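Here the protein sequences line up with chains A and B, keeping their order.
1 is the number of the first residue of the first sequence in my numbering; add one for each residue after it.
1001 is the number of the first residue of the second sequence in my numbering; add one for each residue after it.
To be clear, the hints were calculated from the coordinates, so they are not data collected in a lab.
Some hints could be false.
[What the hints assert, rightly or not] Quick list of in silico lysine to any residue cross-link-like pairs, SDA-like style, CA-CA up to 25 Å:
#1 B:K1127 - A:A30
#2 B:K1131 - B:Q1176
#3 B:K1264 - A:M88
#4 A:K10 - A:W20
#5 B:K1131 - A:L87
#6 A:K10 - A:L110
#7 B:K1127 - A:A175
#8 B:K1015 - A:L90
#9 B:K1127 - A:V188
#10 B:K1127 - A:M88
#11 A:K171 - B:A1121
#12 B:K1131 - A:E81
#13 A:K171 - B:K1127
#14 A:K171 - B:D1071
#15 B:K1127 - A:G85
#16 A:K10 - B:K1015
#17 A:K10 - B:Y1013
#18 A:K10 - B:Y1086
#19 A:K203 - B:N1068
#20 A:K171 - B:Y1129
#21 B:K1127 - A:G84
#22 A:K171 - A:L110
#23 A:K10 - A:M167
#24 A:K171 - B:Y1013
#25 A:K10 - B:T1090
#26 A:K171 - A:L197
#27 A:K10 - B:D1275
#28 B:K1131 - A:D14
#29 B:K1015 - A:R273
#30 A:K171 - B:P1070
#31 A:K10 - B:T1043
#32 A:K10 - A:L90
#33 A:K10 - A:E83
#34 A:K171 - B:G1190
#35 A:K10 - B:R1124
#36 A:K171 - A:I95
#37 A:K10 - B:A1121
#38 A:K171 - B:M1084
Note that this is a predicted model, so its numbers are computed, not measured.
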Amino acid sequence: MNQIWNIARKELSDGLRNRWLLAISLLFAALAVGIAWLGAAASGQLGFTSIPATVASLASLATFLMPLIALLLAYDAIVGEDEGGTLMLLMTYPIGRGQILLGKFVGHGLILALAVLIGFGCAALAIALLVEDIEVGLLVWAFGRFMLSSTLLGWAFLALAYLLSSMVNEKSSAAGMALGVWFLFVLVFDLVLLALLVFSEGKFNPDLLPWLLLLNPTDIYRLINLSGFDGANAIGVLSLGEDLPIGGALLWLCLLAWAGLALLLAYIAFRRRAA
Amino acid sequence: MNAVDIRGVSKRYGKVTALRQLDLQLEPGEVLGLFGHNGAGKTTTMKLILGLITPTEGQVQVLGGTPNTPDIRRQLGYLPENVMFYPQLTGRETLHHFARIKGAAGQQADELLEQVGLAHAVDRRVKTYSKGMRQRLGLAQALLGNPQLLLLDEPTVGLDPIATQDLYILIDTLRQQGTSVVLCSHVLPGVEAHINRAAILAGGQLEASGTLASLRREAGLPSRIRASGLQHREQLLQNLSAEGQTAQLSGSDGIELIGSSSGKIALLRQLLEQDQPSDIEIIQPSLEDLYRYYTDRANQTQATEGKA
């Protein structure tokens, strides 16, 4: 336990030193405030519209950003240390590979969680203070759920980043694969699902399709954030989610399972890696 | 209990054999010099002792246990060849980070920084360090937690002569305290006086192992005897050559004899009987000569095996 924290605190202080934490927090705050006040500009209005609309817009943006940031933060976690020569030294210390991996996960995970808390938290605070007669209860609930699920989504992609970082031998391959993972889950997956829907012409078991959404953590994340609002308009493949016979709590568990499974796979890959 | 006990160890990577049937023991408080070309198996041996890799055959025991357990690792210190650190951390942060992982006190980290002569640079980032400073930091981290067994891979690379001398003095001190040291090196001159035993690896095989004296005996390499201040050296040279000794004139009033290590004393006696030299110098085969002898022998054996 102590060893995990020893690694985590180094990652955390690295995140503070190279201003990652500051940069992500500022980015989140700026985006959240911007969306809250300008999000309705398309419909000809300026100013805050409603909590559900704001959170929905934020969630669609975070679907793109969160995985990207997590992958950027962690893609070189293992292979970078290997190339830098410090991994070999670390392995001669009384610390296990699982502890190294978990320590990095805790450190990076805390950076992400803190950035979400500071960035989006400040935005929520701004809304609560500046918007007249806001339902504070709804705001806290909606933002709390949004922030928690965003953090979980980030963690799942951190774990995926460790997985590919443990598998490759060069930092540049890890960067390329990270980009590939991002494309796959954020852009390609939904298109493939859509294509499957269209070209199968109903031959594909329609009961099975909604379950496929669970194979993509970003889709789970969107389902979590779009459901729960009355009249939230799910668009595209996400409307499949309405047919999903599982409740909100299970969706959370699925997202958590994604992070856990990816971390487990990363551990297996890291263990097989030659010293 | 041996500090290191390697018995019948082979290590193969696919078809490449990195080590073949290695037997090597290291007693507590003993300093072993491990010598060999690049690719001779030095680093593989180190990695086996560290438990970073497992042998294909045979057994490795370190400090009475299997090498890759945390308890054993806490008692090991390792300075890798070309040691690298996190460039963005300062020297002090680096050493404290490693001290925490090793379970050593932060105070010791500060003392070690002072001891290796980095006190003036502790708050500078490691990326601004020179090669020699990185090497000193590497040495400091190897000494964290007062290890029972210290593995040093090319420790003198990048060190200036004074720092090299300091390192050797440190090794002597550690040996007196009962620390076992394995010293891998290319730099042969100067190291002789600080090792108890030398092991020479070539092509993944242990070519020779023993004290320098026993290696000299085994190799049978000639010693050179140089005598100066002789009165009738031509006469002496004739006598010696007539007896079949290899001898030649050297300097203005001297003579140089080549003698086997066993015949050395007889030659000396003869020299003293027949003349009154003012000075006598005995040049023993150096570690370098021994190293060359054993690696050449290994190359020849391999060449013959290759032909057959």
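Worksheet entry | Violating hint indices (sorted, rising) | Per hint list: 1, 2, 3, 8, 9, 11, 14, 16, 17, 19, 26, 27, 30, 31, 34 violated.
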